[in-house]
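K.L.:
These are the residues of each chain, in order.
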Amino acid sequence: MSGYLLNRLGQALFVLWAAFTISFVLLQAMPGDAILIKFQNPELGLNPQQIADIRASYAADSAIWVQYIQTIGRFLTGNFGYSVQVGVPVSTMLAAHLPATLKLASLGFLLAAIFAAVIAFVSSLTPFVWIRGALQSVPSLFISIPTFWLGIMLIQIFSFRLKLVPVINPGPWQELILPVITLAVPISAPLAQVLVRNIDDVLTSPFVAVARAKGATRQWVLWRHVAKNALLPTLTIAGVLFGELIAGAVVTETVFGLNGIGGLTGRAVGSQDAAVLQAIVVFSALAFVIINLIVDLLFPVLDPRLRTKAGATA
Amino acid sequence: SDPVKGGTLIYLEQQAHTNLYPPAGGFYPNGGILNQITDKLTYQNPKTLEIEPWIAESWTVNADATEYTFKIRSGVTFSDGTPLDAAAVAKNYDVFGLGNKELKQPVSEVINNYERSEVVDPQTVKFYFKKPSPGFLQGTSVIGSGLVAASTLALPFEQLGDATKIIGSGPFVVDSETIGKELNLKAREEYAWGPAKLEHQGRPYLDGIKYIITGEDSVRIGALLAGQADFIRQVQAYDEKQVEAQDYQIYAPSTRGVNNSVVFRPDNPLVADVRVRKALLHATDAKEIVTTLFSANYPQATSIIASTALGYRDISAKLAFDPEKAKALLDEAGWTVGANGLRQKDGKELVLTAYESLPQPQNKETLQLVAQQWGKLGVKLTVLAGDSGSRIVDDLDPLKTPVSPAMVGRADPDVIKSQYYPKNRDVLRQKGGQSDKVQSFADDKLNGLLEALSSEPDREKRLAIAGEVQDYVVDQAYAIPIFEEPQAFAGAPYVQGIAFEAVGRPSFYSTWLAEH
Amino acid sequence: MSASSVPHPPVLEVENLSIAYHDGIAHRRVVHDVSFRIDPGEVVALVGESGSGKTTTAQSIIGLLHANGRIDGGSIRLNGTDISRWSDRQLDTVRGAKISLIPQDPASSLNPVKTIGAQVGEILRIHGAASGRDLDARVISLLERVGLSEPALRARQYPHELSGGMRQRVLIAIAVALKPQLIIADEPTSALDVTVQKRILDLIDELRTEYGTSVLLVTHDLGVAADRADRLVVLQGGRVQEAGATKVVLAAPRSAYARQLLADAPSFSAVARKAPATAREKPLASGDDVIIVDGLVQDFTRTDGNGKSFRAVNDLSFRVRRGTTHAIVGESGSGKTTTIRAIVGFQKPTAGRIEIDGTDLSTLRGETLRQFRRKIQLVYQNPYGSLDPRQTVFEIVAEPLLNFGSLARPAREEKVRAILSRVGLPEPALDRRPHALSGGQRQRVAIARALVLDPDVVVLDEAVSALDVTVQARILDLLDELQRDLGLTYLFVSHDLAVVRQISDTVSVLKDGREVDGGAVEDVFERPGSDYTRELINAIPGQKRAALV
Amino acid sequence: MTTFDTIHHDAIASRHGQRAGRRFSVPHLIRRLPVGLALSWLVLAIAFLWAVAPWLFTSYNPLEGVGGEQLRRPDASHLLGTDALGRDLYARIVYGAVHSLTGAFVAVALGLVVGTSIGVIAGSVRRRIDDAIMRLIDVLLSIPPLMLSLSIIILLGFGTVNAAIAVGVTSVARFARLSRSEVVRVRRSDYVEAAFGSGGTFAAVLWRHVLPNSLTSVLAIAALQFGSAVLQISTLGFLGYGAPPPTPEWGLLIAEGRNYISTAWWLTTAPGVIVVLVVLAANRVSQSFGKVAA
Ligand SMILES: Nc1ncnc2c1ncn2[C@@H]1O[C@H](COP(=O)(O)OP(=O)(O)OP(=O)(O)O)[C@@H](O)[C@H]1O
Ligand SMILES: Nc1ncnc2c1ncn2[C@@H]1O[C@H](COP(=O)(O)OP(=O)(O)OP(=O)(O)O)[C@@H](O)[C@H]1O
Ligand SMILES: [Mg+2]
Ligand SMILES: [Mg+2]
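Chains as they are written, first to last, in the numbering used here: chain A, 427 to 740; chain B, 12 to 527; chain C, 58 to 606; chain D, 3 to 296.
There could be a bad hint or two in this list.
[Said to hold, decoys possible] Quick partial rundown of chain D residues pointing at chain C, CB under 10 Å, derived from the structure:
1) 70
2) 130
3) 192
4) 197
5) 199
6) 201
7) 203
8) 215
9) 218
10) 219
Bear in mind the hints are in silico, worked out from the structure with no lab data behind them. The C-beta atom is built at its ideal place from N, Cα and C for all residues, glycine as well.
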């Protein structure tokens with residue numbers, strides 16, 4: 427087991443390093459850079475000599491590989507550098523932006539899971555074919571709505587027309603209501619689709635018939651037999667959902683002006699704030715790796731078949 | 012009714028500030044904050060454009076505008092308690108005028124030919140210039156010349172993004188900041204040094220101001236009208252009607268600078284011929300653009316600078332929309348309509364490219380209309396929406412961007428120099444200017460005029476030169492002015508006493524919130 | 058029937074039952090006017106080929122028809138009450154308590170993520186029969202009752218930790234937990250080994266007598282039915298062909314279909330008539346051994362990473378003469394498939410020598426191995442899985458020819474047609490895909506593919522195990538015929554001794570990878586050399602009838 | 003043999019209802035087609051026609067507005083109203099189809115071809131190399147997809163096709179994973195072994211069996227990805243990385259129209275609804291593929 431863990435750890439480190447390197451190369455390859463974008467801005471009225479001086483002071487003109495080594499070195503010591511665009515340390519920025527995103531993402535995911543579960547379970551419990559049909563087409567609908575459009579519509583309707591929740595200067599929880607819904611909608615769709623399919627699969631498996639033959643009611647079977655078995659394979663899409671969660675967060679945070687990593691990513695890309703982007707990539711790769719590791723370790727806990735690997739052949 | 016004290020103004024800003032080094036205040040979000048937290052040596056009356064006392068009680072200028080002496084008001088302190096005296100002012104201007112290499116602080120665009128300062132006595136400071144610098148007095152009144160405490164000036168440039176570190180002497184101080192999202196200002200109780208001629212004196216009426224970054228146009232306007240905000244920046248012309256329909260107020264202070272224009276980079280062979288540029292100038296129907304996209308707050312341009320700007324000269328006759336003339340000019344220049352409807356010459360097609368400018372109101376639509384108008388002549392204008400990096404890199408290369416939108420605001424004729432002079436913004440991209448991609452283009456006559464403009468001490472003569480430059484730029488068809496750009500704000504009906512400095516940054520010093 | 062008549066009313070009475078499925082557009086009736094009854098303590102067997110409606114009938118009795126199935130008419134009376142139109146809620150009180158079910162496939166009939174104890178206890182909890190400590194005790198005693206060793210441990214284990222036979226015992230424990238009046242056993246042993254099968258059926262019998270429960274035994278194996286049932290109901294195409302006391306039906310079947318079933322069942326034929334002499338009749342040149350296996354050893358490293366290897370085949374040796382059939386028998390996991398995979402060259406043996414028609418397999422690799430495949434062909438256990446679902450029958454059979462590129466297109470087409478008609482596939486089946494074929498037809502396609510290259514040796518891995526008796530008999534006849542006409546050598550893997558006895562000349566009996574018995578079929582069957590072989594032979598169903606006749 | 007045929011017909015019709023449907027005649031097929039699926043095909047067909055022959059559907063110029071006609075509400079002459087430059091919105095949507103659909107198509111094609119190739123290679127080679135390839139795919143998954151696409155757009159420059167490439171790159175990982183697992187699954191199947199057993203070379207087996215059988219579910223996902231690509235491209239437009247004006251690409255229409263939401267709601271709603279409809283239709287169709295494949 428420890429060998430397995432070591433191996434996984436090695437792979438995780440590789441993923442981190444490769445993500446760092448790829449993003450470094452991508453950022454280097456872009457036309458212009460943060461310094462140019464910020465200081466070539468005519469509003470600042472700097473002349474070429476001044477800009478050249480600034481470039482020199484950021485050591486932005488040293489050889490790429492030197493910068494690469496330096497950046498890695500800095501990252502290893504926990505120093506993420508300064509944001510050229512905003513003029514504060516990257517670590518401060520991350521610290522300021524992370525909580526909002528964590529809140530948004532975790533609540534969004536939770537709500538998405540609830541949406542998905544309601545859709546999946548209600549549709550398999552309902553005796554009415556039309557309700558079932560209607561519910562099962564909800565994921566397709568959810569997946570078809572542009573997230574930013576949904577956000578803007580929600581704001582218009584619930585905040586500006588119906589005046590139910592303010593978007594400007596809201597309370598700490600009010601602030602999250604609409605964004606969380608916005609984020610949950612696209613995330614819940616694939617979850618619900620997978621769940622509905624899994625439930626359908628499990629419902630046709632013989633052990634469900636056996637449970638029914640014991641005299642168990644539909645609800646009993648659904649909760650005590652189907653639920654866990656159907657949830658298990660859903661875990662496997664966690665990695666993919668993570669990406670969607672981040673993409674969703676960028677858009678949601680931009681629409682709602684939330685102060686999270688997503689919005690920060692959008693702005694940092696716009697200003698090619700390399701230090702910030704580099705840090706974001708490393709963090710997101712870290713999160714991805716950790717999530718996958720947790721899922722991998724969680725599987726045997728939830729599924730007894732995976733506990734003893736050899737037993738699976740019996 | 013009498014002003015009411017108290018309350019917090021909720022102000023929605025479109026973009027987060029980038030850096031609060033005062034000379035960087037030209038960027039509107041920066042300026043909008045600096046204007047509340049810093050004071051300037053002088054105050055430019057936005058109505059008369061006269062320079063009035065503020066931190067400086069009085070001043071003298073020598074005949075050739077190379078020496079300025081300011082008498083500093085006593086009892087002024089920065090919010091960290093340090094005194095704002097002659098020494099502090101001198102220190103500020105030394106940095107603004109010369110920059111600080113070590114701390115990466117650049118030179119201010121409004122200060123020309125600065126040499127050194129001299130603290131005559133604790134309340135008197137004197138500035139010396141290498142060459143006449145007649146624009147300096149006005150330059151002391153602009154946002155870029157906000158005075159900050161020594162501790163702020165001692166910070167390296169990249170740390171000036173943190174608003175809490177900016178110590179000014181203004182009516183408000185930074186209370187707290189959530190980077191990229193929110194900024195809270197609170198009133199400074201002991202503030203007693205507002206511009207001398209203002210009616211309102213003493214501390215500001217408001218208790219505080221909350222800046223909230225709200226990027227979405229629709230959210231800003233919606234929130235204002237839904238009663239969730241009090242005051243917002245960047246109201247698009249198409250939203251004005253509904254704002255006014257609900258008795259809300261549109262504020263559109265003029266930026267009093269170079270008009271919103273389309274400029275050429277004559278280094279690009281396609282637009283090197285003045286006849287081509289002239290043709291395009293006459294092919295541009297500014298009136299159509301203004302009526303289609305804008306409102307009465309966006310007057311059609313009648314010169315390259317705003318009609319409210321100092322030194323303005325009405326040259327609308329030279330800007331007439333005349334497609335026939337345009338066609339004739341192009342024909343004359345040898346550009347004939349080819350089979351595909353595009354003008355051609357020597358196997359080359361007249362296809363031009365411009366990047367849209369995000370901060371300018373409806374610039375994408377404006378350029379599309381321009382493209383549509385030029386298209387009728389057989390000239391294609393490709394409008395690009397690039398990322399900032401490509402935009403900036405390409406914008407330096409006249410071959411890639413022969414055409415560009417441009418505008419700048421400042422209430423002094425120097426603004427023309429800011430815009431065109433190769434060492435400043437260099438919108439025409441001259442050799443020896445901002446870009447090393449320029450092959451040969453340079454207009455010495457223009458540059459001579461601009462230098463004269465910034466160093467002619469005699470006011471009358473200076474205004475005459477300003478007029479001459481306007482004529483010259485249009486005669487050369489370097490720029491096609493389109494409209495006079497205001498900064499558009501909207502406020503709730505109960506928001507009173509909003510003031511703007513001369514180029515449209517709001518000042519909330521005298522602002523108060525009526526019962527509502 | 059007459060014996061158990063008057064005193065007790067029947068437990069179950071099915072009368073004119075008709076059931077239809079609708080799939081979107083059409084209703085399709087699959088059970089037509091079926092009537093039968095089950096008296097207390099009686100075993101009634103429902104026999105018939107695949108698709109004859111056995112499962113459908115059984116499901117309707119316990120009210121678990123698929124959502125798209127509907128009872129069109131007739132009645133199902135449990136103790137005199139018609140339950141055919143009861144709601145789910147009403148049926149819930151009956152299921153488990155009065156009628157219970159032993160399903161076909163023990164592997165998937167237990168919830169993989171719940172413990173055995175929880176699943177046995179569930180039926181008690183649902184019906185409020187026990188709770189708390191009492192529940193645990195009852196669960197353990199039930200597990201003990203069905204013959205599980207260490208019942209307390211078993212209760213804590215998960216299904217995957219148990220063998221198929223153990224799982225079926227757990228399912229039986231569930232079925233008998235509340236001493237129901239009727240147990241429906243739908244092919245309770247068809248997924249199990251012969252030896253295990255016998256033990257499970259014995260257990261059901263034992264519990265039945267103990268509790269006085271009636272059993273509806275659904276099976277396609279006439280042998281099983283003959284051994285266990287008091288009465289038979291023979292179904293074909295959803296209609297009752299014949300019903301009556303087992304003895305009567307077996308002794309003198311009235312319907313043609315029952316007669317055919319009887320004739321096809323290998324378990325009977327093996328005893329009733331000697332295996333038809335095939336190649337054995339031909340004088341054989343001794344020493345003409347096509348397959349020589351010498352000291353074959355096959356190790357596998359287990360996936361759990363502790364590096365210990367597992368010996369699946371241990372020092373196996375045998376020889377097969379040209380034109381004969383050699384069988385490999387043994388229970389599941391005994392190494393049959395492993396052996397033949399080595400023989401056809403899919404797997405490098407750990408040790409030992411394999412020689413096919415004079416070629417030593419260990420010398421082959423790459424192109425030579427590919428060329429070698431002309432000589433020996435494998436027919437898989439599961440014909441459906443071994444046929445590419447996207448290819449047409451024609452493409453499947455033509456592919457080997459294409460691989461060796463020896464024939465031009467017209468010649469190839471001709472050859473494919475010839476071989477297909479040889480295996481008895483109708484012309485129109487040529488451009489169908491595997492899913493549009495019956496199980497028997499699929500197996501014919503697989504055989505055709507194996508034969509199209511004119512191999513010397515055909516290896517058949519449980520080639521008929523998945524088929525029902527009638528189809529199985531057809532395929533065996535075909536194999537016999539082909540062997541005679543083409544002089545093929547067969548290596549035939551099976552766990553069904555009846556079949557083996559019917560068609561093979563020599564046999565190797567495997568247990569845990571070792572040969573425990575071997576030699577000519579007659580010798581092994583008449584004079585088994587090991588207890589294991591004896592047990593295998595005793596487990597062949599249908600012996601009761603053999604005794605009768 | 004007739005008995006066999008009846009058996010098989012029974013069995014087939016029930017167990018493989020959808021598959022069997024393929025063999026039926028066209029009118030039969032149409033009768034069997036569920037309404038939703040039929041509507042979905044209709045939506046896709048219309049969108050396709052818009053893309054190939056937009057002029058058949060509108061007489062307005064999508065690129066040039068009429069002065070004085072700006073921001074008109076929807077009415078008889080302008081079905082969906084006009085935009086700030088006085089351009090007919092319906093015309094812009096119709097002419098935008100070609101951009102949006104090509105964009106989505108390119109994005110999906112890129113993800114499909116590159117991703118599937120990687121997946122097929124990973125699934126067919128030795129364990130070590132497979133592992134290495136899949137870790138690289140993990141890397142691709144671990145970089146925030148939006149950042150990846152934005153960077154790629156910046157690198158390639160703005161434009162519909164470039165945006166499509168940027169979106170396509172983010173789906174490479176998904177396709178690679180899926181196709182790899184499918185290939186691994188198919189490779190384990192008896193029929194692949196049987197194909198080797200009947201003398202097939204590696205290439206022949208890969209081409210004849212592994213590819214066709216593993217691509218079914220990959221194609222179903224591709225149809226799904228099609229819808230998602232339309233959305234992602236529109237998201238890029240929203241973030242300011244869309245096609246340059248005046249391209250009437252749908253995502254850009256929604257994105258630009260959103261600024262007018264309180265004065266001219268139709269500018270963002272109409273293209274929004276069109277995108278929802280098309281993506282829904284693509285989803286529905288992809289599901290029907292999935293069923294056939296299942
Ligand atoms: N859910 C269903 N929908 C439609 N048809 C079905 C369904 N279940 C079974 N059938 C069909 O009903 C017929 C009878 O099936 P059933 O399962 O009762 O046969 P069986 O005798 O149990 O066969 P086997 O021996 O293969 O288990 C078959 O033709 C089968 O294809
Ligand atoms: N590739 C493999 N890796 C590890 N163990 C294997 C492998 N293949 C087979 N085994 C093990 O070898 C033993 C013999 O398996 P084999 O498939 O030969 O049995 P069999 O006699 O064909 O059984 P059945 O009747 O169930 O098909 C089993 O315990 C099986 O788990
Ligand atoms: Mg059955
Ligand atoms: Mg086997």
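K.L.:
So, residue 219 of chain D near chain C? Judge it on the closest CB pair being under 10 Å.
P.N.:
13 Å, violated
K.L.:
If you take the shortest Cβ to Cβ gap from residue 203 of chain D to chain C, is it below 10 Å?
P.N.:
7 Å, holds
K.L.:
Does residue 130 of chain D hold up as a contact with chain C if the rule is Cβ-Cβ below 10 Å?
P.N.:
Status violated, d = 16 Å.
K.L.:
Min Cβ distance, residue 215 of chain D to chain C: is it shorter than 10 Å?
P.N.:
6 Å, holds
K.L.:
Classify the hint on residue 70 of chain D as holds or violated, based on whether any CB of chain C lies nearer than 10 Å to its CB.
P.N.:
It is violated, given that the least Cβ distance between residue 70 of chain D and chain C is near 56 Å, above 10 Å.
K.L.:
Is the hint on residue 218 of chain D kept, meaning its closest Cβ partner in chain C is under 10 Å away?
P.N.:
Since the shortest Cβ distance to chain C is 8 Å, the answer is holds.
K.L.:
Please check whether residue 201 of chain D passes as an interface residue: C-beta within 10 Å of a C-beta belonging to chain C.
P.N.:
4 Å, holds
K.L.:
Less than 10 Å between beta-carbons is the criterion; does residue 199 of chain D satisfy it with respect to chain C?
P.N.:
5 Å, holds
K.L.:
For the hint on residue 192 of chain D, just tell me whether its beta-carbon gets within less than 10 Å of chain C.
P.N.:
4 Å, holds
K.L.:
Report holds or violated for the interface hint on residue 197 of chain D, using the least CB-CB distance to chain C and a cut-off of 10 Å.
P.N.:
7 Å, holds
Comparing the model with each earlier hint shows violations of hints 1, 2, 10; every other hint is respected.
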